Amino acid sequence: MRKLSIMAAIRQRLHVAPEDQTRQRAIVSRMTRHRANTRPAIGVLDGIARLEQFVHSATRKGAIVSQVNDIAAAATTILKVLPVGSHICLTSAATETGIKLPVDLIEPWNPKTSVDNSLSTCFCGIAESGSLVVRSDTGNSLSLNFLSDRHFVLIPERDILDSMESVWAKVREQGGMPRDLTFVSGPSSTGDIEMRMETGAHGPRELHILMLAGDL
Amino acid sequence: MDVTSQNFIPLSELALDDDNLQEALKQLSGRLAAGRTASVTELPEFDQLRIEARDIKNHVLEHLDLYLGAFEQQVEKHGGTVHWASSEEDARQIVLNLCRSVNAKRVTKSKSMVTEEINLVPFLESHGLETVETDLGEYIIQLRGEKPSHIVVPAVHLSKEQVSETFFEHHRKFGFNEKNTDRGALVAEARHVLREKFVAADVGISGANFLVAETGTIVLVTNEGNAELTTALPNTHIVVTGIEKIVPTLEDVSTFVRILARSALGADISAYTSFITGPKRDGDLDGPENFHVVLVDNGRSEMLGGDFQDMLRCIRCSACLNHCPVYLSVGGHAYGSVYSGPMGAVLTPQLATLDATKHLANASSLCGRCESVCPVMIPLPQLLRQWRDKESEQKLNPAGMRWGLRLWAWLGQQPAVYRLITSIANQVLNRWPEQANGFIQKLPALAGAWTLSRDLRRPEQGTFSQQYRKAGGKRV
Amino acid sequence: MGVLQPNTIALFVTCLVENMKPAVAFDAIALLEDAGYAVVVPANQVCCGQPNLNGGDRKNAIATARRVIDAFIHFDYVVVPSGSCGGMLKHHYPQLLAEDSDYSGKSARLAEKVFELSQFLTEVADYKPSAVNCEPVTYHDACAGLRELDIQSEPRQLLANAGVEITELEETESCCGFGGTFCVKYPDISAAMAERKVQDVLRTGADTLVMGDLGCMLNIEGKLHRDGHSVRVIHFAELLAASIPAPARGES
Numbered sequence: 002m003r004k005l006s007i008m009a010a011i012r013q014r015l016h017v018a019p020e021d022q023t024r025q026r027a028i029v030s031r032m033t034r035h036r037a038n039t040r041p042a043i044g045v046l047d048g049i050a051r052l053e054q055f056v057h058s059a060t061r062k063g064a065i066v067s068q069v070n071d072i073a074a075a076a077t078t079i080l081k082v083l084p085v086g087s088h089i090c091l092t093s094a095a096t097e098t099g100i101k102l103p104v105d106l107i108e109p110w111n112p113k114t115s116v117d118n119s120l121s122t123c124f125c126g127i128a129e130s131g132s133l134v135v136r137s138d139t140g141n142s143l144s145l146n147f148l149s150d151r152h153f154v155l156i157p158e159r160d161i162l163d164s165m166e167s168v169w170a171k172v173r174e175q176g177g178m179p180r181d182l183t184f185v186s187g188p189s190s191t192g193d194i195e196m197r198m199e200t201g202a203h204g205p206r207e208l209h210i211l212m213l214a215g216d217l
Numbered sequence: 025m026d027v028t029s030q031n032f033i034p035l036s037e038l039a040l041d042d043d044n045l046q047e048a049l050k051q052l053s054g055r056l057a058a059g060r061t062a063s064v065t066e067l068p069e070f071d072q073l074r075i076e077a078r079d080i081k082n083h084v085l086e087h088l089d090l091y092l093g094a095f096e097q098q099v100e101k102h103g104g105t106v107h108w109a110s111s112e113e114d115a116r117q118i119v120l121n122l123c124r125s126v127n128a129k130r131v132t133k134s135k136s137m138v139t140e141e142i143n144l145v146p147f148l149e150s151h152g153l154e155t156v157e158t159d160l161g162e163y164i165i166q167l168r169g170e171k172p173s174h175i176v177v178p179a180v181h182l183s184k185e186q187v188s189e190t191f192f193e194h195h196r197k198f199g200f201n202e203k204n205t206d207r208g209a210l211v212a213e214a215r216h217v218l219r220e221k222f223v224a225a226d227v228g229i230s231g232a233n234f235l236v237a238e239t240g241t242i243v244l245v246t247n248e249g250n251a252e253l254t255t256a257l258p259n260t261h262i263v264v265t266g267i268e269k270i271v272p273t274l275e276d277v278s279t280f281v282r283i284l285a286r287s288a289l290g291a292d293i294s295a296y297t298s299f300i301t302g303p304k305r306d307g308d309l310d311g312p313e314n315f316h317v318v319l320v321d322n323g324r325s326e327m328l329g330g331d332f333q334d335m336l337r338c339i340r341c342s343a344c345l346n347h348c349p350v351y352l353s354v355g356g357h358a359y360g361s362v363y364s365g366p367m368g369a370v371l372t373p374q375l376a377t378l379d380a381t382k383h384l385a386n387a388s389s390l391c392g393r394c395e396s397v398c399p400v401m402i403p404l405p406q407l408l409r410q411w412r413d414k415e416s417e418q419k420l421n422p423a424g425m426r427w428g429l430r431l432w433a434w435l436g437q438q439p440a441v442y443r444l445i446t447s448i449a450n451q452v453l454n455r456w457p458e459q460a461n462g463f464i465q466k467l468p469a470l471a472g473a474w475t476l477s478r479d480l481r482r483p484e485q486g487t488f489s490q491q492y493r494k495a496g497g498k499r500v
Numbered sequence: 297m298g299v300l301q302p303n304t305i306a307l308f309v310t311c312l313v314e315n316m317k318p319a320v321a322f323d324a325i326a327l328l329e330d331a332g333y334a335v336v337v338p339a340n341q342v343c344c345g346q347p348n349l350n351g352g353d354r355k356n357a358i359a360t361a362r363r364v365i366d367a368f369i370h371f372d373y374v375v376v377p378s379g380s381c382g383g384m385l386k387h388h389y390p391q392l393l394a395e396d397s398d399y400s401g402k403s404a405r406l407a408e409k410v411f412e413l414s415q416f417l418t419e420v421a422d423y424k425p426s427a428v429n430c431e432p433v434t435y436h437d438a439c440a441g442l443r444e445l446d447i448q449s450e451p452r453q454l455l456a457n458a459g460v461e462i463t464e465l466e467e468t469e470s471c472c473g474f475g476g477t478f479c480v481k482y483p484d485i486s487a488a489m490a491e492r493k494v495q496d497v498l499r500t501g502a503d504t505l506v507m508g509d510l511g512c513m514l515n516i517e518g519k520l521h522r523d524g525h526s527v528r529v530i531h532f533a534e535l536l537a538a539s540i541p542a543p544a545r546g547e548s
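Residue numbers (the working numbering), protein chains in the order written: chain A, 2 to 217; chain B, 25 to 500; chain C, 297 to 548.
These are computed hints drawn from the structure, not numbers from a lab.
Take the hints with a grain of salt, since some may be wrong.
[To be verified] Taking lysine to any residue pairs in the SDA-like style, the calculated list, with each CA pair at most 25 Å apart, reads:
| id | chain 1 | residue 1 | chain 2 | residue 2 |
| --- | --- | --- | --- | --- |
| 1 | B | K197 | B | E154 |
| 2 | C | K355 | B | Q333 |
| 3 | A | K4 | B | V243 |
| 4 | C | K481 | B | G424 |
| 5 | C | K481 | B | I33 |
[Stated by the list, open to error] Counterexamples of contact, computed for chain B against chain A with all Cβ distances above 10 Å:
| id | residue |
| --- | --- |
| 6 | D43 |
| 7 | L378 |
| 8 | Q410 |
| 9 | K414 |
Every value quoted in this text rests on a predicted model; they were computed, and no experiment measured them.
Where a beta carbon is used, it is the ideal one built from N, C-alpha and C, also for glycine.
Chain A extracted, bound-state conformation:
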């Protein structure tokens, strides 16, 4: 069995015995301690500084960030951006926010179907890297995040955490990792042709982040 021979090869090269309990304890200890390594200063900010870091970091990577007071203002912002005649697909979580968009603009979600515009919510944000954290559960289709040309995301300001470590703490509190958890830190891009950046490689060309001062 390949596993046995690979494991045996590794142990032989490291000069260790399979029954060595000290090593086993060492790794269990490390994997359960969840100790954070060094976090940069930009990852331990609070209050206004944290929000500013989020906006700065997201914007420099090409996201378009709007700070709005409430859901109604978010709807207004979205409508201003949507080209005339285009439709928008909402995730069920986005629909549940009660956001009011004209019914004739809304198109239903079908799996594996590309859409022009989509609106979703997210699990939280990360100020350090200007990222949105989206999950495959919680009523947001993951593929919908990627199959639209223009992606709008609603996030209350108080859901913007300082760093990745805070995200992991929140994930563990809520029962552990979902199937897919993705940091979205800007629109899709590629530098593969002549090292020049182009957006919309496979995912959205535009990422619009709507930061709500209040709750969803």
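Chain A is already provided as a structure; the job is to place chains B and C on it using the hints.
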């Protein structure tokens, strides 16, 4: 691993004369090296992160068997399956069998260096599976039948005109009847074509930038979003990864996420960082029913406990390539391996044979810039010297060189003989016929390689020892 | 040998200085004496062993290292007018001899006494060179010295103290293409690297290129000359010693 590294010299000659390539390499250096510098300068904690990253990897390598076991346990707990491949043949066969087990016809693939290493795609295609690379650079070179020339931007050696030609040739059947020359239009074309492939795929194959033992999670870092579409849409997701990609915890992988994009591209983080744990769950709206991880050894366990263990820390960021004066002179194809630059020069002999790859460790001035930018502090020049030692031991380098070095060392033990010989050489060079204005223009034999492209200043009249003695200096 | 004065420096000449440009050694001696030190030149020195270390001949590099250590360990200081040879003695010898019960301690002791010339003059001697009258120069940092000994600010400090202005290269951390036998084993790649360095030098507009390593010097100077450029290339020791009234030639 198949290589053409024995052709390093003719390939590098071609590369030096290739104006398109030289322009591309200038762009690469100008953007990625400069980007990295700016990016790490703005993060005061960067050097501390490098030290921690190195220490995490060293800890993992010392406990690799246990972390792999823990990772496997977690993957299976979430409904995935782990497969173990000793060799590249094993790995290819496992992937093929998995595809067959779900009657797959169409496969999409996101970027994975280890799948290039094991030559997976031609193998799958030879067995009737349509296998499409979805990373734009990989897609382009797949259409052209080329190997990658860089581990992060595989099509860097191509001009947009060349990409345009390739797309025009292959995309007409998708309805693109006009040649696009604008970069944005070319990207949009690929987006359109590949969107169909994503949606129609039965199997999605990815690599993994990191594996998290604590949770059985694989981490995928992209800018394009192709990894997510490759892995979330089809019914089966197969991860192919080297066994050394493990880190212990989510906190540990955070350190690596912080240093990877900065080192590779000069961005603080890539557009997408995906953490995937197992197959689709109840309540998920999408995701694959089947999740498989293929752990590939292929020579990696052999590096443990030996002279090259440090190389297992590599996170494939490409910083060493982007700063290497040799890579920036000849590009990746000259190395004859999917791994190029300093990391390729160290890793390729291990995965192939030393005889076929002996130029790689020698074609270096040991300037050390690679080590200075490596995010996990791999002592690359030291490892290159070690390959040179092994070549000598195995008598793979020219006998003349080995004997020359022995003679030189012997002379070092005989100062009087040395001074006699050098005083003669001094006379000879001073009287050298092919010279002008105090510079020699042509030398014979090995030294002739010097005068191919530069002059050599004539030595001063008299060696230091002669002049010192003449001036009354006493040696002690 | 007789009794040495305190603060006696043993000069490690280096084989390139020995054979190609002895002026560098004489100027180094002049600077060190001007700084108030006595300088002697041990007879039993040939090479630091770097070609063997880099050429896959570790065994002979170790044998050479032992011999160099024996010849130099008794002095207060060992000064080297080269970052690469200095790096060999200070950085590589202890690694090469780490498993040698006799020499591992000796190599560490020697390493403490070894200084590259600019580092000795600034860190130990606190030397302020006399003013040198010249147009702005440009400066090339040799790779080994930069990476192994962290030499970067020291030569610049000396030049600044001497009133010499530096117009920096765009790429101060790029290899010139010498690399020991690399330049004759892979001459075309080496030439491409040297060409990039030459272009960088020319873009500064400086008439003089200063550096601290003879290997780089021969390489870049040889390329400049072949390409028909008239930039003067000198070791910083030559530049700084020019303002010392009567450079010593073997007088202690």
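Evaluated hints:
Our distance criterion of 25 Å between C-alpha atoms is met by B/K197 and B/E154, whose separation comes to about 16 Å. Between C/K355 and B/Q333 the alpha-carbon distance is near 22 Å, which keeps this suggested pair within the 25 Å criterion. The hinted pair formed by A/K4 and B/V243 meets the criterion: a straight-line CA distance of about 22 Å does not exceed 25 Å. Distance restraint check for C/K481 and B/G424: the Cα-Cα separation of roughly 12 Å lies within the 25 Å cut-off, and the hinted pair is therefore satisfied.
For the hint linking C/K481 to B/I33, the alpha-carbon distance of about 10 Å falls within 25 Å, and the restraint holds. Separation of B/D43 from chain A is adequate, the least Cβ-Cβ distance of about 14 Å exceeding the 10 Å criterion. B/L378, annotated as away from the interface, keeps every beta carbon of chain A farther than 10 Å; the closest lies near 19 Å. No Cβ of chain A approaches the Cβ of B/Q410 within 10 Å, the least distance being about 17 Å, so the stated non-interface status holds.
Consistency note on B/K414: stated as away from chain A, and its beta-carbon is indeed over 10 Å from all of that chain's, at 17 Å minimum.
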